[in-house]
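These protein sequence lines map, in sequence, to chains E and A.
Going by our numbering, the first residue of the first sequence is number 10, and it counts up by one from there.
Going by our numbering, the first residue of the second sequence is number 137, and it counts up by one from there.
Among the hints, erroneous ones may be present.
Pair ranges (Cβ atoms, derived) [as the list claims (entries may be wrong)]:
#, chain 1, residue 1, chain 2, residue 2, range
1, A, Gln411, E, Pro104, 22 to 32 Å
2, E, Thr26, A, Glu236, 51 to 61 Å
3, E, Ala117, A, Ser319, 32 to 42 Å
4, E, Thr26, A, Asp274, 47 to 57 Å
5, A, Leu184, E, Pro104, 23 to 33 Å
6, E, Ser124, A, Gln411, 16 to 26 Å
7, A, Gln411, E, Gly82, 32 to 42 Å
8, E, Glu88, A, Leu184, 47 to 57 Å
9, A, Thr418, E, Glu88, 39 to 49 Å
10, E, Gly59, A, Gln185, 52 to 62 Å
11, A, Val406, E, Pro104, 18 to 28 Å
12, A, Val448, E, Glu27, 47 to 57 Å
13, E, Glu96, A, Glu178, 42 to 52 Å
Residues from chain E shown here face chain A by an in silico Cβ test under 8 Å; the list is partial [stated by the list, open to error]:
#, residue
14, Leu24
15, Ala28
16, Asn31
17, Asp41
18, Leu42
19, Asn62
20, Glu88
21, Leu90
22, Glu91
23, Thr102
24, Glu109
Capping the alpha-carbon separation at 25 Å, the derived lysine to any residue pairs in SDA-like fashion look like this [what the hints assert, rightly or not]:
#, chain 1, residue 1, chain 2, residue 2
25, A, Lys436, E, Ser121
26, A, Lys298, E, Asp41
27, A, Lys215, A, Thr248
28, A, Lys265, A, Lys298
29, E, Lys116, A, Lys215
30, A, Lys278, E, Ser121
31, A, Lys301, A, Ala356
Simulated from the structure, these hints should not be mistaken for laboratory data.
Because the structure is a prediction, the values reported are computed rather than measured.
Just so it is clear, CB atoms sit at the ideal spot from N, CA and C, and this is done for glycine as well.
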Amino acid sequence: MNLNQVIELVGGTTLTTEADLNINIQGGYGADLMSDVLAASQPNAVLLTGLTNPQVVRTAQMADFRAIIFVRGKQPQAETLELAEQENMPLITSPLGMFELCGRLHKAGLPSFESNVS
Amino acid sequence: MCPNRIRTEQEIHGRHGRPITDQDAHEINRVEELSYDLKIHEVMSKNLQTASPDISLSDVLKILRINRISGVPVIQDEKLVGVISIEDIVRALQNNDLTETVGQYMTRELVTVASFDSIVKAMQTFAEKHVGRLPVVDEEKKLVGMITKGDITRGILVALQKDYKAEEVRRYRASHLFEDIISDRTTLVLRYNIKAQDFTHGGNASSHIKRALLRLGADAQIARRCGIAVYEAETNLIIHTTHGGILKLEVEPHRITMSTTDDGPGIPDVEQVLQPGYSTATDQVREMGFGAGMGLVNIKRCVDNMELESTVGKGTKLIMRIHVPAENFNARKEG
Numbered sequence: 010m011n012l013n014q015v016i017e018l019v020g021g022t023t024l025t026t027e028a029d030l031n032i033n034i035q036g037g038y039g040a041d042l043m044s045d046v047l048a049a050s051q052p053n054a055v056l057l058t059g060l061t062n063p064q065v066v067r068t069a070q071m072a073d074f075r076a077i078i079f080v081r082g083k084q085p086q087a088e089t090l091e092l093a094e095q096e097n098m099p100l101i102t103s104p105l106g107m108f109e110l111c112g113r114l115h116k117a118g119l120p121s122f123e124s125n126v127s
Numbered sequence: 137m138c139p140n141r142i143r144t145e146q147e148i149h150g151r152h153g154r155p156i157t158d159q160d161a162h163e164i165n166r167v168e169e170l171s172y173d174l175k176i177h178e179v180m181s182k183n184l185q186t187a188s189p190d191i192s193l194s195d196v197l198k199i200l201r202i203n204r205i206s207g208v209p210v211i212q213d214e215k216l217v218g219v220i221s222i223e224d225i226v227r228a229l230q231n232n233d234l235t236e237t238v239g240q241y242m243t244r245e246l247v248t249v250a251s252f253d254s255i256v257k258a259m260q261t262f263a264e265k266h267v268g269r270l271p272v273v274d275e276e277k278k279l280v281g282m283i284t285k286g287d288i289t290r291g292i293l294v295a296l297q298k299d300y301k302a303e304e305v306r307r308y309r310a311s312h313l314f315e316d317i318i319s320d321r322t323t324l325v326l327r328y329n330i331k332a333q334d335f336t337h338g339g340n341a342s343s344h345i346k347r348a349l350l351r352l353g354a355d356a357q358i359a360r361r362c363g364i365a366v367y368e369a370e371t372n373l374i375i376h377t378t379h380g381g382i383l384k385l386e387v388e389p390h391r392i393t394m395s396t397t398d399d400g401p402g403i404p405d406v407e408q409v410l411q412p413g414y415s416t417a418t419d420q421v422r423e424m425g426f427g428a429g430m431g432l433v434n435i436k437r438c439v440d441n442m443e444l445e446s447t448v449g450k451g452t453k454l455i456m457r458i459h460v461p462a463e464n465f466n467a468r469k470e471g
């Protein structure tokens, strides 16, 4: 599904200005532990997280995420937003909690891009 | 099953909801990627011939013949009300009915696609509905174009041609470094100074490194593995060192070497820090989503070879190597 559909499903608000909402999102990954995100994610997913610092953007960029959604209406720090604009990483905030966010997207057919690592 | 058939979304995402692995991702070819990346409005024909439901079928036949097309959308009061195609006209011919109006014979079952959808959506609709052309509508359901299988083929070919040109430019750049500069062993070295506790700029160096590798022609998988490994290593310098350290990237045609060096405090037990979950990180670091004791473990998984040496009071050196398949950097071998 494309990012627009994802945003619609989670009642999200786009925070970055130049986001391309037509990009294809192939899966989802929800976590607050960035080391886990780096270790077990697959490329081209959307990242759902409660963390709002600039490291989230860096992590997403390194692991080839296509967008970040903040849970429970969280607003990112100014540095985070600035970095996201610079790196062209769409930031979205959703009023929903992590559990419901994951549930809605998965139910709508978005697969989990969290893989098992030994 | 035709091997060049476009896979369905289900197939690409893995059956039974299994997430796709890096291996699967590698097998998705460029045409399949394009069928998701290209939007319908990019390939559809915008030069629209339309018909009113009140005109006769013989008039429509003229429109079709002059424009060499096989069907047109039918518009009434600026609204899309149907499609009239050769098939409908053949039906009319059987009844010797060419003087009848378009409205009598047009297909009223309106199947449309949205201009902002990927072309894969149009391909699925073609397959499901057994039609050869589809009206394209915008967000307000207004007719903005028509799409045929031919438009899709043409769109993909044009995009592949663009890819090919971009690839040529990229190769040309890489060859400047690794082909035109002739030596027995050419290495490109990039150095970054990393400050201790500088979380604000954490990841900048890694970001530059990943981009550099992509520009040099490394494939996405290699760049991602390097990016993740070097980001973990950069984070370690920021979190754990006394005075920061140096992050170094060495690119050779057959190998990428990334390393970090610092002057302390050093690791007392190297075996211990390699255990998954072992961590000495502060709460502040953990709040930022790091310090779970997975960094080195994660690095080891991303690279082909990792070496960690440390002396307490002197410092630590971490070396990470990734072998590069020959097609990544286009090096010329002399002799």
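We went through each hint and held it up to the structure:
1. A:Gln411 to E:Pro104: 22 to 32 Å: Taking Cβ atoms as reference, A:Gln411 and E:Pro104 lie about 40 Å apart, which means the hint is violated.
2. E:Thr26 to A:Glu236: 51 to 61 Å: 54 Å Cβ-Cβ, so the 51 to 61 Å window holds.
3. E:Ala117 to A:Ser319: 32 to 42 Å: violated, 55 Å
4. E:Thr26 to A:Asp274: 47 to 57 Å: violated, 23 Å
5. A:Leu184 to E:Pro104: 23 to 33 Å: violated, 42 Å
6. E:Ser124 to A:Gln411: 16 to 26 Å: holds, 22 Å
7. A:Gln411 to E:Gly82: 32 to 42 Å: Given about 38 Å between the Cβ atoms, the range holds.
8. E:Glu88 to A:Leu184: 47 to 57 Å: Holds, at about 48 Å.
9. A:Thr418 to E:Glu88: 39 to 49 Å: Cβ of A:Thr418 to Cβ of E:Glu88: about 20 Å, so the range 39 to 49 Å is violated.
10. E:Gly59 to A:Gln185: 52 to 62 Å: Given about 54 Å between the Cβ atoms, the range holds.
11. A:Val406 to E:Pro104: 18 to 28 Å: violated, 47 Å
12. A:Val448 to E:Glu27: 47 to 57 Å: holds, 48 Å
13. E:Glu96 to A:Glu178: 42 to 52 Å: Since the Cβ atoms of E:Glu96 and A:Glu178 sit about 25 Å apart, the hinted range of 42 to 52 Å is violated.
14. Leu24: violated, 19 Å
15. Ala28: violated, 14 Å
16. Asn31: holds, 6 Å
17. Asp41: Holds, about 6 Å.
18. Leu42: Hint holds; E:Leu42 Cβ to chain A Cβ min 5 Å, cut 8 Å.
19. Asn62: This hint holds: E:Asn62 lies near chain A, its Cβ roughly 6 Å from the closest one there, short of 8 Å.
20. Glu88: Holds. Min distance 6 Å.
21. Leu90: The hint is violated - E:Leu90 has no Cβ within 8 Å of chain A, the shortest such distance being about 14 Å.
22. Glu91: violated, 11 Å
23. Thr102: Violated. Min distance 17 Å.
24. Glu109: E:Glu109 check fails; min Cβ-Cβ to chain A is 19 Å, beyond 8 Å.
25. A:Lys436 to E:Ser121: Given that 25 Å is the threshold and the Cα spacing comes to 24 Å, the pair holds.
26. A:Lys298 to E:Asp41: violated, 39 Å
27. A:Lys215 to A:Thr248: holds, 13 Å
28. A:Lys265 to A:Lys298: violated, 31 Å
29. E:Lys116 to A:Lys215: Judged against 25 Å, a Cα distance of about 35 Å means the pair is violated.
30. A:Lys278 to E:Ser121: Status violated; Cα separation ~36 Å.
31. A:Lys301 to A:Ala356: holds, 18 Å
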